[in-house]
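Asker: Protein chains in written order, with the working numbering: chain R, 1 to 288; chain Z, 289 to 570; chain D, 571 to 904.
Since the hints were derived computationally from the structure, they do not count as laboratory data.
On a predicted model such as this, the values are computed, not experimentally measured, just so you know.
Positions of the beta carbon are idealized from the N, C-alpha and C atoms, including for glycine.
It cannot be assumed that every hint is accurate.
[Stated by the list, open to error] Sample of chain D residues facing chain Z (criterion: CB under 7 Å; computed from the structure):
| no. | residue |
| --- | --- |
| 1 | 826 |
| 2 | 842 |
| 3 | 846 |
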Amino acid sequence: MTALAVSVVGSGRLARLRSAGGGWLVVASALMLLAFVLAAVLAPVLAPYDPDLPVLGNVLAPIGAQHLLGTDQVGRDTFSRLLFGARTSLVGPLAVVVVATVLGVATGLLAGWRGGWVDAAISRVLDILFAFPGLLLAILAVSLFGKGVVAPVIAMAIAYTPFVARQVRGLVLTAKARPFVSAYAVQGFGAFSIATRRVLPNIAPTMLAQATVLFGYALLDLASLSFLGLGVQPPTADWGAMINQSRGAVLLGQPLSAVVPSVMVILTVVAFNVVGEELGDRIAKRDR
Amino acid sequence: MSSISAEPLLQVTDLHKCYRSHGTEVAAVSGVSFRLDAGQSIGIVGESGSGKSTTARMLVGLETPDSGVISVQGRELTGRPRGRAERLRRARAIQIVFQDPYLSLDPRLPVGAAIEGVLRLHTDLAGPDRRRRVLQLLEQVGLGEQQAACVPRRLSGGQRQRVAIARALAVEPRVLVLDEAVSALDVSVQAQVLNLLTDIRQETGIGLVFISHDLAVVRYVCDETLVMYRGRVVEHDSTRRLLDDPTHPYTRLLLSAVPRPGWDPAAIARLRREVAGLGPAS
Amino acid sequence: MSLLTLTDVSLRMPALARRPLLDAVDLTVDRGEVVGLVGESGSGKSLTARAILGLLPPGAEVGGTIEVDGLDVLSAGRDDLRRLRSSQVSMVFQDPRAAINPLRRIGDYLTESVRLARGGDGRAATARALELLEAVGLPDPVRHLRQFPHELSGGMLQRVMIAGALMGDPSLLLCDEPTTALDVTTQAEIVSILARLQAEQGLGMLFITHDLDLAGAICDRVYVMYAGRVVETARATELFADPRHPYTAGLLASTPGVDRNHDRLVPVCGSPLSLLENPPGCAFAPRCDFAVDGLCANEPPALVQEGDRAVRCLRSAEISPGRSARAHTVRSAR
Chain R
1 MTALAVSVVG SGRLARLRSA GGGWLVVASA LMLLAFVLAA VLAPVLAPYD
51 PDLPVLGNVL APIGAQHLLG TDQVGRDTFS RLLFGARTSL VGPLAVVVVA
101 TVLGVATGLL AGWRGGWVDA AISRVLDILF AFPGLLLAIL AVSLFGKGVV
151 APVIAMAIAY TPFVARQVRG LVLTAKARPF VSAYAVQGFG AFSIATRRVL
201 PNIAPTMLAQ ATVLFGYALL DLASLSFLGL GVQPPTADWG AMINQSRGAV
251 LLGQPLSAVV PSVMVILTVV AFNVVGEELG DRIAKRDR
Chain Z
289 MSSISAEPLL QVTDLHKCYR SHGTEVAAVS GVSFRLDAGQ SIGIVGESGS
339 GKSTTARMLV GLETPDSGVI SVQGRELTGR PRGRAERLRR ARAIQIVFQD
389 PYLSLDPRLP VGAAIEGVLR LHTDLAGPDR RRRVLQLLEQ VGLGEQQAAC
439 VPRRLSGGQR QRVAIARALA VEPRVLVLDE AVSALDVSVQ AQVLNLLTDI
489 RQETGIGLVF ISHDLAVVRY VCDETLVMYR GRVVEHDSTR RLLDDPTHPY
539 TRLLLSAVPR PGWDPAAIAR LRREVAGLGP AS
Chain D
571 MSLLTLTDVS LRMPALARRP LLDAVDLTVD RGEVVGLVGE SGSGKSLTAR
621 AILGLLPPGA EVGGTIEVDG LDVLSAGRDD LRRLRSSQVS MVFQDPRAAI
671 NPLRRIGDYL TESVRLARGG DGRAATARAL ELLEAVGLPD PVRHLRQFPH
721 ELSGGMLQRV MIAGALMGDP SLLLCDEPTT ALDVTTQAEI VSILARLQAE
771 QGLGMLFITH DLDLAGAICD RVYVMYAGRV VETARATELF ADPRHPYTAG
821 LLASTPGVDR NHDRLVPVCG SPLSLLENPP GCAFAPRCDF AVDGLCANEP
871 PALVQEGDRA VRCLRSAEIS PGRSARAHTV RSAR
């Protein structure tokens, strides 16, 4: 994901993005994501306080010089928790997207390339998986394997796989029909080699754009899971968990510690959508 | 000129291919046979639905014939090669140049790299030797180092088609099939590529199977011509004899439909209906 | 007064191309005349047709005048343009499947623009549609009205498009490569339909194609375009017998004939001008066998009238690019 942000921002594309009318939103989103990633990586350096240490004498402090974003209901500095929370909040979705993409590409490629009964069988399995919302599968996984991060991530990755697989399958079918693939076959390249080393790289850019958008949804789903208390467990900082734990504070009329992580989640998801769609548009335009 | 040898370069015997469409069987190709000697070129003309493209695809193994034999230099070519060795052998027998040069090149690869990939598959040449051969091939088709570094998007239509020819020649095939290979080119560029094909034929003794709807181009390029109609070969003769004095009514129809001064399209329309026994319009 | 007059028409799109896409184009079409517009990719022939209909791409800077039946298209208001497109000028496109809405029935396609323009009930429009479907030679007009485009073959759909173009009783018909996507025998049928209807209704027809032979076979006069400029115009028979511009001669010499033997074709070297190139002089000079250093590449040549012909070449008076080998096959048919 860092590579993604860097690849969008780097190599002079920033200037070109800016020159494209309306590109400021994309630039801003990309820069913001980069900032979040850096913040997560540099959390131990940047955080002014220990994120897990309760200071019961200073609960629900407002925004101030001591605490940039106030404190939560047990006195932990919200800003520090935000920084550390970025780690779990961003790594989980990354894992989901990576696993879903790997599984999805493998199944989609197999289905699209082989066709016939292989395609039919795989498509039916995917159809069944489509019926399960990611969140539901994750809750099921938790009930089977216990709370934490690992089980929900895997379950969610499985739930997201059909989206990726279906798109890959479609792209592979289109590519298969293009003469350059037939040309490779006539030249004597083997089917496996054509599929993996020639067709896949051609569809990879589109998949990247798709993955970026998926990240946002995965973030939302995992945050929801943590909000339900089924994901990251206290006292570990995590944006979804922070929202959950601040419910009491909201009832007391002190919404700050709930609003801050909510805003982070929203900003991140929107930013990923914006960047992902822009990538997708650019790729589509380039292929014209 | 064609060498007279006992064994033809390419021998096609009684090819058949059917497709099922909406429950009915459509005979795309019925009983196509011909022979091609080294350095010769044979044209296959017809309109849409004639089966000429299906025949081309069967020659290079993109479709498997229901029955019939295709052999190159006496060796029969299987429809579905099993294993790497067979695949490579088939590739070295017949190669193809497609109609649309943009779609038939890998959009990601600079064209030099694409040709090098073919050489890596078929030869044992070391890196520097390979690259030299790539430049040699490009030079043969009239392109240079500058074009080698370009992706297809950056080349003109004529240049792309030359690359496609160079790529096919890199395999060093015995036979080259050209499926409407000049139809998508501008007129002023078409002649360049046609001359190129003539030169290559003379230089390498490769056999050409030239598929086209354009009778004038076929006359220029091909020694012999097959006329296909609805999957069957209706006439097969030396090109000049066929076009100067056609026997089959369909050939006469095709010929008279070529636009030129003094053309009477209305009469052609009537001829067509007579020939095909079609309804009033299609 | 001519039905269609283009005077010094130019079109630039600075965002897209360095050179003008159309430059100093003069063109006329009279009633009852079939005029050919011949060129390769990038010549500007399709753009000319769209300009006549007032269909200019956004960002286009246009100069000159286009007059259709007295109406100045380039300065016409929206209502005038709508009237122009619905009842004065019609266009037949190259690909009927791309130009006809696949989700609507043929009958709707044929009648909707007329119903919108003239109001009233659909019955008059439907009657006219049936009449025209029969005129274009479709066997079962009543049934075709209810069909969808995918149920018809390419040739039949092109006939439908021609019928649609004639629905508004236009006086000028623009045909943009109407037969390029069709088989050669289907092409002959479509062309015969177009020729018959054009003669019957006394239409002016601008026939755009890349096929010189086709233009020569059916057109009275032909304009040859290269890189946005008209480089030569003449009566069809004269153009083929005696081309005066090196480009025309080059095209004729490099096209094989179905009734002639060639030892070797003489190609036109190089390729058509790209959008990024903007040579100061003659656009064809880099590819021209007759170009003179210091002359052709510096000065843009003007279109010089010679009787009812015109050539845009500085050297046309002194050189003879070659009496075309086709001289002996030209008959005085048109």
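Asker: So, for every hint listed, does it hold in this structure?
Answerer: So, going through the hints one by one against the coordinates:
{"no.": "1", "hint": "826", "result": "4 Å, holds"}
{"no.": "2", "hint": "842", "result": "6 Å, holds"}
{"no.": "3", "hint": "846", "result": "11 Å, violated"}
Hint compliance for this structure: hint 3 alone is broken.
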